[in-house]
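**Student:** Given next are the chains, with one letter for each unit.
Number of protein chains: 2
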Amino acid sequence: MTQKVGIAGIGHAKFGKRTDATLRELAHEAVTRALEDAKINVKDIDASVIGVACEEFAAQVSPAVLVHDYVGMGNKPVFRAEAACATGSAAIQAAWSLVKAGLADVVLVVGAETMTHLGTLKATDVIARAGDTRWEYPFGTTFPSFYAMMANAHMHQYGTTREQLSMVSVKNHMYGAMNPYAHIQKAITLEEAMKSSMICYPLNLYDCCLISDGAAAVVLANEEKAKKISDTPIWLTGLGAASDTMMISERETLTELRATKIAVEKAYGMAGITSREVDVAVVHDCFTIAEIMAYEDLGFCKKGKGGKFIEEKQSYIGGKTPVNTDGGLKSKGHPLGATGVSMTIEITKQLRGEAGKRQVNGAEIGLSHNVGQIGQYCFVHIYSR
Amino acid sequence: MTQKVGIAGIGHAKFGKRTDATLRELAHEAVTRALEDAKINVKDIDASVIGVACEEFAAQVSPAVLVHDYVGMGNKPVFRAEAACATGSAAIQAAWSLVKAGLADVVLVVGAETMTHLGTLKATDVIARAGDTRWEYPFGTTFPSFYAMMANAHMHQYGTTREQLSMVSVKNHMYGAMNPYAHIQKAITLEEAMKSSMICYPLNLYDCCLISDGAAAVVLANEEKAKKISDTPIWLTGLGAASDTMMISERETLTELRATKIAVEKAYGMAGITSREVDVAVVHDCFTIAEIMAYEDLGFCKKGKGGKFIEEKQSYIGGKTPVNTDGGLKSKGHPLGATGVSMTIEITKQLRGEAGKRQVNGAEIGLSHNVGQIGQYCFVHIYSR
Numbered sequence: 002m003t004q005k006v007g008i009a010g011i012g013h014a015k016f017g018k019r020t021d022a023t024l025r026e027l028a029h030e031a032v033t034r035a036l037e038d039a040k041i042n043v044k045d046i047d048a049s050v051i052g053v054a055c056e057e058f059a060a061q062v063s064p065a066v067l068v069h070d071y072v073g074m075g076n077k078p079v080f081r082a083e084a085a086c087a088t089g090s091a092a093i094q095a096a097w098s099l100v101k102a103g104l105a106d107v108v109l110v111v112g113a114e115t116m117t118h119l120g121t122l123k124a125t126d127v128i129a130r131a132g133d134t135r136w137e138y139p140f141g142t143t144f145p146s147f148y149a150m151m152a153n154a155h156m157h158q159y160g161t162t163r164e165q166l167s168m169v170s171v172k173n174h175m176y177g178a179m180n181p182y183a184h185i186q187k188a189i190t191l192e193e194a195m196k197s198s199m200i201c202y203p204l205n206l207y208d209c210c211l212i213s214d215g216a217a218a219v220v221l222a223n224e225e226k227a228k229k230i231s232d233t234p235i236w237l238t239g240l241g242a243a244s245d246t247m248m249i250s251e252r253e254t255l256t257e258l259r260a261t262k263i264a265v266e267k268a269y270g271m272a273g274i275t276s277r278e279v280d281v282a283v284v285h286d287c288f289t290i291a292e293i294m295a296y297e298d299l300g301f302c303k304k305g306k307g308g309k310f311i312e313e314k315q316s317y318i319g320g321k322t323p324v325n326t327d328g329g330l331k332s333k334g335h336p337l338g339a340t341g342v343s344m345t346i347e348i349t350k351q352l353r354g355e356a357g358k359r360q361v362n363g364a365e366i367g368l369s370h371n372v373g374q375i376g377q378y379c380f381v382h383i384y385s386r
Numbered sequence: 002m003t004q005k006v007g008i009a010g011i012g013h014a015k016f017g018k019r020t021d022a023t024l025r026e027l028a029h030e031a032v033t034r035a036l037e038d039a040k041i042n043v044k045d046i047d048a049s050v051i052g053v054a055c056e057e058f059a060a061q062v063s064p065a066v067l068v069h070d071y072v073g074m075g076n077k078p079v080f081r082a083e084a085a086c087a088t089g090s091a092a093i094q095a096a097w098s099l100v101k102a103g104l105a106d107v108v109l110v111v112g113a114e115t116m117t118h119l120g121t122l123k124a125t126d127v128i129a130r131a132g133d134t135r136w137e138y139p140f141g142t143t144f145p146s147f148y149a150m151m152a153n154a155h156m157h158q159y160g161t162t163r164e165q166l167s168m169v170s171v172k173n174h175m176y177g178a179m180n181p182y183a184h185i186q187k188a189i190t191l192e193e194a195m196k197s198s199m200i201c202y203p204l205n206l207y208d209c210c211l212i213s214d215g216a217a218a219v220v221l222a223n224e225e226k227a228k229k230i231s232d233t234p235i236w237l238t239g240l241g242a243a244s245d246t247m248m249i250s251e252r253e254t255l256t257e258l259r260a261t262k263i264a265v266e267k268a269y270g271m272a273g274i275t276s277r278e279v280d281v282a283v284v285h286d287c288f289t290i291a292e293i294m295a296y297e298d299l300g301f302c303k304k305g306k307g308g309k310f311i312e313e314k315q316s317y318i319g320g321k322t323p324v325n326t327d328g329g330l331k332s333k334g335h336p337l338g339a340t341g342v343s344m345t346i347e348i349t350k351q352l353r354g355e356a357g358k359r360q361v362n363g364a365e366i367g368l369s370h371n372v373g374q375i376g377q378y379c380f381v382h383i384y385s386r
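First to last, the sequence lines map onto chains E and D.
Residues in the first sequence are numbered from 2 upward in steps of one, following our numbering.
Residues in the second sequence are numbered from 2 upward in steps of one, following our numbering.
Bound-form chain E, shown alone (with noise of 0.2 Å):
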């Protein structure tokens, strides 16, 4: 139980509107850029986790062999994760321990998702249905009506303003625009993400992720090997999950996730470290709302206080924990099974030193926050070089 389990390789393919490849093709286009660099052959690879969040929005029941048998993966095994939007997230986290248990040393971690074929709409109805469709979804739920339930108790108990809100959109969006593979590569001002149209009280336009086409690959490998194949190894030290009730209306509170606070204290309390020597984090900004209450519940300021985190900026780079450096769901875009994937490829880019603009300098222990549905999944990961 000793071995460590590492990072040896990462490829991202581009997020966007991507009208020129299916499902398979755009995890092809990841998973060749991982194994170029990890200078690795697909034949050196034991199994692959596959994370495909939607049947209905990969238009395939069992979607995970489609891109296990497309990359070249063969006949080893294979695994699929689906965790809502933590998918990416859930793969990472059933990898490591496919290492961990000894079953595999090298792993290919795949996410992936088409989504904007289906339009806006009809996409986020098919997202609104993650939510319980007996109890919940016929009354009208929503993913947007759902965050902006907790948007406004935190409003109301904490005092945070929709300027904050915004705030969390401007900053996303300026380090989207330094991101080669962000979906929207795009500053904005807090005009304008203020006054963009109004979705769900009180978040608008600005305040929602994109409906993404994108995938991300990661290779993980066990200790001997993981130093074998790569220069730079990013360790997982940390790995946090926990689960929340199905329905928004069993909730204690709207103002936290839960999920999110048990998590990140497994994750710390694995790593051995504390929310203080987070040099970098990703979060999961599915909506600005959820990046505010994201500061909170991992720690990096008290409750209550993240509108006033990111009004001093203590999200951007320089500020006391860099937040969403990669422009995050909000810029880089959301194509549900790789936002997980992704999420790690950034904060290993980040502990690699190779994030160019967006670097943070000498940061060696970075965290990615990854949710699903409204909580009832959160995976926290953390990582050091």
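Read the hints as simulated data drawn from the structure, not as lab findings.
Heads up, some of the hints might be wrong.
If chains are identical, the list can't say which one is meant, so a pair holds when it fits in one copy or spans any two.
In silico lysine-lysine, DSS-like type, Cα no more than 30 Å apart, as pairs [stated by the list, open to error]: (1) Lys-267 x Lys-40; (2) Lys-267 x Lys-44; (3) Lys-228 x Lys-5; (4) Lys-187 x Lys-229; (5) Lys-309 x Lys-18; (6) Lys-267 x Lys-196; (7) Lys-40 x Lys-187; (8) Lys-196 x Lys-5; (9) Lys-262 x Lys-321; (10) Lys-267 x Lys-18; (11) Lys-196 x Lys-306; (12) Lys-267 x Lys-228; (13) Lys-187 x Lys-358; (14) Lys-5 x Lys-267; (15) Lys-262 x Lys-44; (16) Lys-44 x Lys-304; (17) Lys-40 x Lys-15; (18) Lys-228 x Lys-262; (19) Lys-15 x Lys-306.
Add chain D to chain E, keeping to what the hints say.
**Tutor:** Showing chain D alone in chain E's frame:
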């Protein structure tokens, strides 16, 4: 890495046309029995792995937390497994990895599916879309037609007969009639089996497994906990997994499932046994030809001799290797996500000596074989007392 992983509790919901229960209610029925069997409380469990194969059957995107929450797992980690018809065994293998990797000591595995509400034709169409929806499904492939191609090839190459196919059905219905959890508890004659209506030549109605609702649950634990919880822990000593091409048109042969051969070789190797030492097996008899191929691919008889194997009753209790003593998918039913977990339950009962009229006397080593799609997934597990 020296700790074994064992089965410390089992619970089976009745398979059948369960108009009385929803997905989560079926799961609850199985989990309640598993906890009773283990004599533990849900509070004693660290995490869950939920196997639900298909969001379309569940009428729920991301269906796992629906179950996890309803059975009382609360904020604990939840993972969904999905591997088409092998979903249940993928869940077992994921749970085994979680325990072995040290992320959990005691894991609840639940497999569940509701299918009958869609009706046979619609359900068959949903399953057909687990085949490649771009390159094969549009041309009319369904799972009966995939397996009919294999049956025709096997008959042509090895002289396997329609009578031999029907004999598999007769055996499995005989054992299913002794299983109180089976969907159809009715013995049939060879004449009845032979005369049933043709579905896709050479497979007639009695060559095809059932469309069923159902759930099954097991408690998996590390060695220390398993021994503490159960007086008769059953150990999972060998695990194998493999895959194959997404398209049947790319297979080199139709008379075997390559994934079965690779997965079983790994599982035997890991457990340190050969096929001769298997006292009882449950195999994936989605169609009768699949059971005949399984005899061969698992090494119970030589290639091409599977027809002879059933004709000589070698797969009956008292024969060389008793197979599908619980009635198999054919008679017990095949609620996709539940099947693999149900397989684990039957082997556990056999090795505990609790299989009643279906008991294989003195069974010490068991095997389960679960196939997803047409061998895109195959999981083989070896169990011992």
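**Student:** So, for every hint listed, does it hold in this structure?
**Tutor:** Evaluated hints:
no. : hint              : verdict
1   : Lys-267 x Lys-40  : between (34 Å within a copy, 28 Å between copies)
2   : Lys-267 x Lys-44  : between (35 Å within a copy, 18 Å between copies)
3   : Lys-228 x Lys-5   : both (10 Å within a copy, 29 Å between copies)
4   : Lys-187 x Lys-229 : neither (39 Å within a copy, 59 Å between copies)
5   : Lys-309 x Lys-18  : neither (34 Å within a copy, 56 Å between copies)
6   : Lys-267 x Lys-196 : neither (40 Å within a copy, 60 Å between copies)
7   : Lys-40 x Lys-187  : neither (33 Å within a copy, 59 Å between copies)
8   : Lys-196 x Lys-5   : neither (48 Å within a copy, 60 Å between copies)
9   : Lys-262 x Lys-321 : within (19 Å within a copy, 55 Å between copies)
10  : Lys-267 x Lys-18  : neither (37 Å within a copy, 42 Å between copies)
11  : Lys-196 x Lys-306 : within (24 Å within a copy, 74 Å between copies)
12  : Lys-267 x Lys-228 : both (26 Å within a copy, 26 Å between copies)
13  : Lys-187 x Lys-358 : within (15 Å within a copy, 71 Å between copies)
14  : Lys-5 x Lys-267   : both (17 Å within a copy, 24 Å between copies)
15  : Lys-262 x Lys-44  : between (40 Å within a copy, 19 Å between copies)
16  : Lys-44 x Lys-304  : between (48 Å within a copy, 29 Å between copies)
17  : Lys-40 x Lys-15   : within (20 Å within a copy, 52 Å between copies)
18  : Lys-228 x Lys-262 : neither (33 Å within a copy, 33 Å between copies)
19  : Lys-15 x Lys-306  : neither (34 Å within a copy, 52 Å between copies)
Going down the numbered hints, you'll see the structure goes against 4, 5, 6, 7, 8, 10, 18 and 19, while the others check out.
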